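*Asks:* For reference, the chains in residue letters:
There are 2 protein chains.
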Amino acid sequence: MQNEHFPSKLLENAVDEFARLPGIGRKTALRMVLHLLRCELSEVEEFGQAIIQLRKEVKHCNVCHNISDTETCSICSNPARDRSVICVVENIRDVMAIENTRQYNGTYHVLGGIISPMDGIGPNNLEIESLIERVKTGEVIEVILALSTTMEGDTTNFYIYKKLKNTDVNLTTIARGVSVGGELEYTDEITLGRSIMNRLNYFDTIK
Amino acid sequence: MQNEHFPSKLLENAVDEFARLPGIGRKTALRMVLHLLRCELSEVEEFGQAIIQLRKEVKHCNVCHNISDTETCSICSNPARDRSVICVVENIRDVMAIENTRQYNGTYHVLGGIISPMDGIGPNNLEIESLIERVKTGEVIEVILALSTTMEGDTTNFYIYKKLKNTDVNLTTIARGVSVGGELEYTDEITLGRSIMNRLNYFDTIK
Chain X
-10 MQNEHFPSKL LENAVDEFAR LPGIGRKTAL RMVLHLLRCE LSEVEEFGQA
40 IIQLRKEVKH CNVCHNISDT ETCSICSNPA RDRSVICVVE NIRDVMAIEN
90 TRQYNGTYHV LGGIISPMDG IGPNNLEIES LIERVKTGEV IEVILALSTT
140 MEGDTTNFYI YKKLKNTDVN LTTIARGVSV GGELEYTDEI TLGRSIMNRL
190 NYFDTIK
Chain C
-10 MQNEHFPSKL LENAVDEFAR LPGIGRKTAL RMVLHLLRCE LSEVEEFGQA
40 IIQLRKEVKH CNVCHNISDT ETCSICSNPA RDRSVICVVE NIRDVMAIEN
90 TRQYNGTYHV LGGIISPMDG IGPNNLEIES LIERVKTGEV IEVILALSTT
140 MEGDTTNFYI YKKLKNTDVN LTTIARGVSV GGELEYTDEI TLGRSIMNRL
190 NYFDTIK
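Chains as they are written, first to last, in this note's numbering: chain X, -10 to 196; chain C, -10 to 196.
Treat the hints with care, as some may be off.
No copy labels: a pair is met if it fits in one copy or bridges any two.
[To be verified] Derived pair list, reagent style DSSO-like, types lysine-lysine, alpha-carbon separation capped at 30 Å: (1) K(-2) x K48; (2) K48 x K16; (3) K45 x K(-2); (4) K151 x K16; (5) K152 x K48; (6) K45 x K151; (7) K125 x K154; (8) K152 x K125; (9) K125 x K48; (10) K16 x K152; (11) K45 x K154.
Just so you know, the hints here were simulated from the structure itself, not pulled from any lab data.
Just so we're clear, the structure is a prediction, and the values are computed from it rather than from any experiment.
All chains, please: the whole structure from these sequences, using the hints.
*Replies:* If you want it as structure tokens, here you go:
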């Protein structure tokens, strides 16, 4: 949509702003803006304010660096959570995904990305040093690596391993394999290979 | 994503607001909100304000009902545009689409929808009466119907035809046919049928 004709400068501004969002083209942006135009003014104000307020007031937990409304997030400050286990993830979406399983009762450490020299992201741009500090307090028994299985994820895992190998913490990684309900013939070879390599004692899985 | 765990109430609010937009699910909404969190505060404020300002300040042209920053839109107030021709469209996206062709020098009339009893939209909910008023001023020679070719569009066309049949205005409709560069074998039967029925003198097309 080059040289598009906008009947209003205000409309064009709003479309420009929406079109900056990831995965939103100019046509979708226009559709969204026209939708908001049909809404009540109070609704549109709530929309705009919700975003501005979030950006202004949101904090990062001073322990795990997850997004939080308070200095220490609700997970880190919950006495029922097991502080001896830390699950290392890239971003808060990963925290939400694991929380939604309701299978994990430990704490998290959000790195804020993974080591990626191509994008200029080194260990110092991530929350790795604070992870090492947390482990060195001595309270931690296990660190679970849950980063993506890409070259960058593997690099980050290895970097953390090197930093922690002289401590007596237990370093584990989440299981990779055929998804529950997944069919063998549609599973990629690497995943299927890992599933066979890391096979479990059947008796352990039905206990 | 039922019972999703949000680490922050502010985050959840912002995601809720984005998820109300058309075609945006909760996962996409979260992706957008996290993108905005990584932006500068000034950028996020511009984003929020652009939308609120648009909703607060935008006007509808008092002639054609297109969106406008001024009482009369830039098309209706442009002396170079031919006021004797009115193109009737459903919404401002249609105006933008036609403007982008740079092939039309007349004016528009934005109905704000089409007659759709299923959705409770009757002629009185649309800007049809104001169209009839415009035509009755006597300045108008031609009214071009450019509504969608659905039952609702046809109903609206017929309603306008009935209202205007006693005036001496020329009522036309945009040509439907095989698109330029389109292949016959992939064109639907109705469109291809219309293309043949409404065939043109070849000599006229190369003049």
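*Asks:* Under the constraints set out in the numbered hints, which ones does this structure not fulfil?
*Replies:* 4, 6, 10 and 11
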